[in-house]
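S.K.: Protein sequences appear in the order of chains A and B.
The first sequence maps to residues 1 to 241 in our numbering.
The second sequence maps to residues 242 to 482 in our numbering.
Some hints could be false.
To be verified - Here are the simulated DSS-like cross-link-like pairs (lysine-lysine), alpha carbons at most 27 Å apart as the crow flies:
#1 A/Lys139 x B/Lys380
#2 B/Lys380 x A/Lys71
#3 A/Lys31 x A/Lys16
#4 B/Lys311 x A/Lys139
#5 A/Lys31 x B/Lys442
#6 A/Lys201 x B/Lys442
#7 A/Lys61 x A/Lys181
#8 A/Lys139 x B/Lys312
#9 B/Lys422 x A/Lys181
#10 A/Lys70 x B/Lys446
If you are wondering where the hints come from, they were derived from the structure by calculation, not from laboratory data.
Number of protein chains: 2
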Amino acid sequence: MVSKNQIKLISSLHQKKFRAVHGLFIAEGIKVISELIGSQFELEHLYVTEPLFPEIPVSGKTMISETDLKKMSALATANNALAVFKIPASADITPSGLIVALDDIRDPGNLGTIIRLCDWFGIAQIVCSQETADLYNPKVVQATMGSMARVKVGYVNLGDFLAKTKLPVFGTFMDGDNIYKTDLATEGIIVMGNEANGISKEIEKLTKRRIAIPRFGTLQQTESLNVATATAIILSEFRRN
Amino acid sequence: MVSKNQIKLISSLHQKKFRAVHGLFIAEGIKVISELIGSQFELEHLYVTEPLFPEIPVSGKTMISETDLKKMSALATANNALAVFKIPASADITPSGLIVALDDIRDPGNLGTIIRLCDWFGIAQIVCSQETADLYNPKVVQATMGSMARVKVGYVNLGDFLAKTKLPVFGTFMDGDNIYKTDLATEGIIVMGNEANGISKEIEKLTKRRIAIPRFGTLQQTESLNVATATAIILSEFRRN
């Protein structure tokens, strides 16, 4: 059984301000929850509609009805498990290797997809501007498919961070060097810009290596790429060499 | 002014069955509408909340209130323009050049993003299985950002289509050849599989060229890539050579 107050608390975690108050976030579905349980994240409590996760002791989980799960869930169609995890201290970013920097990526689906891409390409660290979507937004957590268990995501003043770094800073611009014909680095920071406005003026000044994904369409009105697909192409190019 | 019946008809176009009944679909926002107006799509009527699209004669557009636009809109936050277009006859796919084939891509956002990617990479044709999301779903239309004006999308029995083609058929599988080290073709069909299940057994049999995107993550539990980001990486590799 789960009390009305618990349901209320858990569904309040859909909102950032209540996640901050309680220091908790939610994850849903067996796949995502399993990945987080097997990582540095600390499970607060697990709610299931069927006997799942035998490894979790009885004290740590509660069997609930589908109706109650639906009330807590942030998904359009609730799954069979919802876990509440503690939000850890903000990650410290070590300036080494390849790092992805996000300059105000506001769409939670894009942030989650980029985390998943970094995991695939073995990029262990992402640094985000304060205006970037919150890592613990349920839509981000679901879109990562659990890969947030392996990729460190830190929030910083991005201008300060880039001004201080000794790593080369890459950014994508229409007039940049063709990524297929440029020597890319094995260490560096790859800045991806906001969905609507691209990289901000302030951050552009700190971006010394201007790169571009060539366009192959014959017609020039082709819209820019979505930021997650652009990230996919760029990370693939950095890693393939 | 717009009548209650018109509002009802237009909001019914959010659903596939009513799009089929009326032979109409909707597009929203200046950017997407402009791209479609400048293409082969035929405008049925335009609704605006401010004096936009001066090139459209008065008989073809109606000024409406924000409240009425909200009732018609498929967006969470309605824009300032909604256009109704005629659904053209299903596109015929010509077996030449690079073609992307979608084997049951069910998420409208993924379909829209893939159309936008094809436009960027100059891929003029997409062939979809009948179970793939509907091109005229408002979420697809919005996610294309207007690039559906330039990319032909046809729905076919995908098994029959692939069985008949003389073009090489590529598909992504975990055990495929490393795309970074394989000779890719300038002509061929690139099959992308369903979000949850990948390429179906029936279609796999017709996919002679097995390719793979190498994984760089050190840990093996990394989830597969999202289908739109995988498409981005693969199209980039096909085109970069």
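S.K.: Output the indices of the hints that this structure fails to meet, ascending.
M.R.: 6, 7 and 10
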